[in-house]
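Visitor: With the hints as a guide, bring the two chains together.
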Amino acid sequence: MTEIELPLWASVPATLLLIFGGLLTVIGSLGLLRLPDFYSRMHPPTMGTTLGAGCVLIASMIVSSALMHRPVVHELLITLFVVMTAPVTAMLLIRAAIHRGRLRNRK
Amino acid sequence: MRAPTTRRLPPMLVLGLTGMWLLLNQTLAPGQILLGFVLAVGLSWAASTLRPLQPRPRNLHVAVGLVFVVLRDIVRSNIAVARIVLGLVRDRDVRSGFLEIPLDMRDPHGLAALAAIVTATPGTVWVDLSPDGSRLTLHVLDLQDEAAWIRLIKERYERPLMRIFES
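Heads up: the sequence lines are chains A and B, in that order. Going by my numbering, the first sequence opens with residue 1, and the numbers climb by one from there. Going by my numbering, the second sequence opens with residue 108, and the numbers climb by one from there.
Chain B with its partners taken away, still in its complex shape (with noise of 0.2 Å):
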């Protein structure tokens, strides 16, 4: 028999649940808010006894931030690779490829959400994290300057990742 262990049910969790539920039924009817939040601790806590590790973010603010920086990059890197796309990059040659980043962050919520990041930028995909996690591999279809890339994700995201994440 194993000691039962004292779970916290992870607050962001259960307001992002709640949050989702009353979004996908567009109401901020009393009875529909009870109900998205019963339904959000039962399946916060399911979620909890499959999954214990817990992420503990901190210093939202720079979350805050953080979410607009994506978005501005988003669209700067959308307006770069179209430009590839279309041909109008004649002045040089665009060279694709692999990337090895060296990762301070640890924390897999951390590294989740940088994937999600990398991914959702246009012209970097994730391909693979090093067992020990210390190395990043990305595949970059511009890559034109190595270190300037590596200076890009370490500073812009990796930072106040850990920021959030790891402080």
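Chain A on its own, in the form it takes in the complex (with noise of 0.2 Å):
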């Protein structure tokens, strides 16, 4: 095993990053599970796609960071692409449940 050195100033805030999103991330899915009908449970898990993966990213990049001995950035391009393709499955998810309401209603 080789000992990987974290220095401390980068692995507390990385960890208590991590915890952060790891617990938003649960509660976000907890509500998917709690939440009485479909339109309220979009919301909930919305929390894990944008803060608890940006918690994971932060410390992504301050782990990485400090292991390389450089600045690493690049995982702002996940941020980028979460936030450009989220509105199109949220809307086809939001559709298609109207759209399954208007059948019901119809019978």
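Hints in this document: simulated from the structure, not taken from any laboratory. C-beta atoms are modelled at their ideal positions from N, C-alpha and C, and glycine is treated no differently. Any given hint might turn out to be false.
Computed Cβ-Cβ distance ranges for the label pairs, DEER-style [stated by the list, open to error]: (1) A:R104 x B:L178: 36 to 44 Å; (2) B:S155 x A:F81: 15 to 23 Å; (3) B:L236 x A:I19: 36 to 44 Å; (4) A:M68 x B:P209: 46 to 54 Å; (5) A:L23 x B:I257: 29 to 37 Å; (6) B:L141 x A:V82: 28 to 36 Å.
Stretch-level coverage of chain A by chain B, calculated; a stretch enters the list once three of its residues show a Cβ under 8 Å from a Cβ in chain B [said to hold, decoys possible]: (7) 24 to 33; (8) 85 to 97.
Guide: In structure tokens, the structure reads:
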């Protein structure tokens, strides 16, 4: 086993960010289980893809930068791609739900 | 035969794609900058034939401010939704529902940015835009005060987006 030396200034914030991000994602998934109807359940998982993922990405940037002794920021692109694609799936899901509701009402 | 139209490549798209290429490759080597630039010009040109409509963003300082406002709102609404999921808002009923907002913005790029903002903020999802583009429907998880939500969307997001894309 090779000892990977991660300086304290990197490991402490990275750990906190990972815990916080993980907690947010868990709460978001819990919301998917707990909330009563489809439309409300659309909302909590967004926590995982926004602040949850953001915390993990910042932790990744801190750790990679510390290990490679240079700033590593290409994780920012993941944020960009998520922000650009998330509305498409969200709209598809909610429009499908509305359509299903209309079909049911017609019967 | 159609008369050849002069096509102007959107500079922001070219710069953005070059930057993305350099970030993906994690380099600032001159050769990669050149390659990225050539790719960006080629792709922007190809894309402009698919989608001739080009954004004309102005007031970029407004955009920088808007990014920070959105980041702060994402953090705030994450906390708000977490409280609702964990049942920490016992003192009142959480009522979710659809919300109609009259829109003044017509620029498709501004609307796309608004859709990204609304969806990225937990607690609000973009549902529908009326065919004439005058009314936006959102689904809001915690619809306490409809007027306050409408004011928030219009003042905090729509107004700066109109300054960026429509002035």
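Visitor: Report the numbers of all earlier hints that the structure fails to satisfy, in ascending order.
Guide: Of the numbered hints, all hold.
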